[in-house]
Amino acid sequence: MSRLLRAELARARARPAVWVVAGLVLLGVLGLVLTAWWQTRSPSAEQVAAAHVAYEEAVVRWDETGDAQLRDCREAQRALPPGDPGRFDCALLAPVPEAFLPLRPGLWQLADERVDAAGVMLALGAFMLGATLVGAEFASGAIATWLTFAPRRGQVFATKVAAAVLVTLPVVAAAFVLLAVALLVVCQVHAVETFSPGVLATSWVDLLQRAARWAAVAVGGTLLGAGLAFALRHVGAVLGVAVWWLAAVESALRLVLPAAGWLPLAVNVTAWTRGSAEYAVPVCRPDPAAPGLEVCENVWHVVGGAQGAVVAGSLVVLALVLGLVSFRWRDVG
Amino acid sequence: MGTSHEEVVIGTPGEPAVRVRGLRKTYRTFTLRRVVAVDHLDLEVPAGGVHAFLGPNGSGKTTTIRMLLGLARPDAGTVHLFGTPVPDRFPEVVGRVGAIVENPRFVPGFSGRRNLRLLATAVGVPQTRVEDVLERVGLRERGADQFRRYSLGMKQRLAIAATLLKDPDLLVFDEPTNGLDPAGIRDLRATVRALADEGRTVLVSSHVLAEVAQVADTVSIVAAGRLVAEGTVASLLASGRGAQVRVGVGDRSLAARVLAACGWSADPEGPDALVVRGAPGPADVNAALVRAGVPVHALGTTGGDLESVFLELTSGAVPASATRPRDVA
Ligand SMILES: Nc1ncnc2c1ncn2[C@@H]1O[C@H](COP(=O)(O)OP(=O)(O)OP(=O)(O)O)[C@@H](O)[C@H]1O
Ligand SMILES: [Mg+2]
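From first to last, the protein sequence lines stand for chains A and B. Residues in the first sequence are numbered consecutively from 1145, following the numbering used here. Residues in the second sequence are numbered consecutively from 266, following the numbering used here.
Hints are computed from structural coordinates only; laboratory data are not their basis. Check before you lean on any hint, since a few could be wrong.
To be clear about the criterion: a stretch of chain A counts as covered by chain B if any three or more of its residues have a C-beta under 8 Å from a C-beta of chain B, and this derived list gives those stretches [said to hold, decoys possible]:
#1 1149 to 1162
#2 1285 to 1297
Which stretches of chain B does chain A cover? Using the computed rule of at least three CB atoms under 8 Å from a CB of chain A, they are [as the list claims (entries may be wrong)]:
#3 318 to 325
#4 331 to 339
#5 442 to 448
Here the structure is a predicted model, which is why all the values come from computation and not from measurement. Glycine included, C-beta positions come from ideal geometry on N, C-alpha and C.
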């Protein structure tokens, strides 16, 4: 087993397609970093000038109406019980110059906005890795030669799937490390806040957990791609099925059969990574006011994280079982 | 699945390297029609020596070989390699078997050397053996080139090198002469002979008898998925229906009538010759024609060689049972 796994890993490492997919994922992450760079740029001279003009105008208005605003504010605040989240210092109403410059997000917000996008790229990349690592072997026919050396098909299946996962993990790690380090550099260079006390420690933990859950999604993507490639024996066929699934289940099904809204991977992966997701099912009943017509309203169904994991995981297991059965019993070569 | 022999079940002495009984394999076409690729095939390859597995295109050679190696599942019948049933217990004997099925197939983007190294890793053979087998097939210089850039002959040689990695007792080469030039075919024959002389069993399939007849100790001939003959090369020759006489004559239609009257068949060949079957010999043909006043200006024999026996056996003209010299082996 370990001999076979070693051979599979050596084969994967030497495969250009693996490096191309990994490179594309990392390029995508760099694209995300680029948008962060753009969002945190120092304001241009024009923006500063415009902000100055706007600030001057606000000061003029504040001089006229400031006292009245403060009075109203304090009255309203007094009415709130102590500790109410709506309480704040009314002095903050006075205009300050920075408020007129474009808002520049800090590290946490930048990362929070990008971890999901990076996760989606990783999942797609991992799916491609799984599909190509297995499918190419069938396309070239090298699998037949391989089986004359390693005839236990169950073992060959297991080692190929394991190798695909082991190849995916460093790509996932590299992508998230690249994202974190590059965002930190962007924040340092642009002097926006990084680990400020304004962001709670639990928020950072949440973010890390979400990244870890995306890593699990990426592994699921690899398994799905590998399982389908074993079943269909062709990378093109695997991509065909993926496109069909996107068009039929992820898009059309929602419109045709809203009650099946629990099936699409988008819903389940969101539920798994975010803790919950929702889908709407319109419920119609006869309109009492207008006979013959119906009134419809959307009923929102919540998919929990565990349910999302079970549904998405079942699809992965299904693909693996199909792949294993097909590989064990069908003729090769 | 090691390469050492002590961990495999070694058959009893005198056990054939390959024993196939009642093997049958059908395929379904897209139109759901059944194609019988192999039909109740019995095959026996004695241990040691070169065994030629012959048959015209589409006669089921590759399909049979795939079943020998557990790549395809038979519909019926049994396969034993060194007495071990295949495919169920193939892993036990895989270390003793090296095979090329149809075309040599490797990872196209990897060098020949890298392909062999991966296979060596998979079976736990030391990497130094890769250089040995590359050297043996004369590919060491080109070992670093991508497999996809190899010529067909080089691909065949790499495939042979791969089969030798395990130092096997049984080698199965499916059409190894495909794409080889005459010098390549001669080299291959020498390789096959040398492998057999080392005490291995070599099963070579081909649709061209001449390519392997010189090195084959025993022969099996299949047609349409069935065994039509098996035995030694000499016994096959003996089973042919004798020589044909080729006679050049001026008046072919008259000559044909004369020969038919003697009970022999005569078919035109070329502009002015007839091929006569069924006659005892050229002298008898000549005598008959001269007696009838037909001038003969050329006389000779054709056929009676392995090639014509092969054609005769596989053309379907002869029922399998009529010529099967099975007991000779
Ligand atoms: N995968 C397959 N699907 C359907 N039919 C097949 C398949 N493989 C082989 N056949 C059919 O089985 C028959 C035997 O084919 P096979 O390849 O075994 O012949 P062969 O003796 O190796 O021929 P060749 O000398 O051309 O290599 C042919 O009729 C072929 O069309
Ligand atoms: Mg063939």
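Verification of the supplied hints:
no. : hint         : in the structure
1   : 1149 to 1162 : holds (count 7)
2   : 1285 to 1297 : holds (count 11)
3   : 318 to 325   : violated (count 0)
4   : 331 to 339   : holds (count 6)
5   : 442 to 448   : violated (count 0)
Hint compliance for this structure: hints 3 and 5 are broken, all remaining hints hold.
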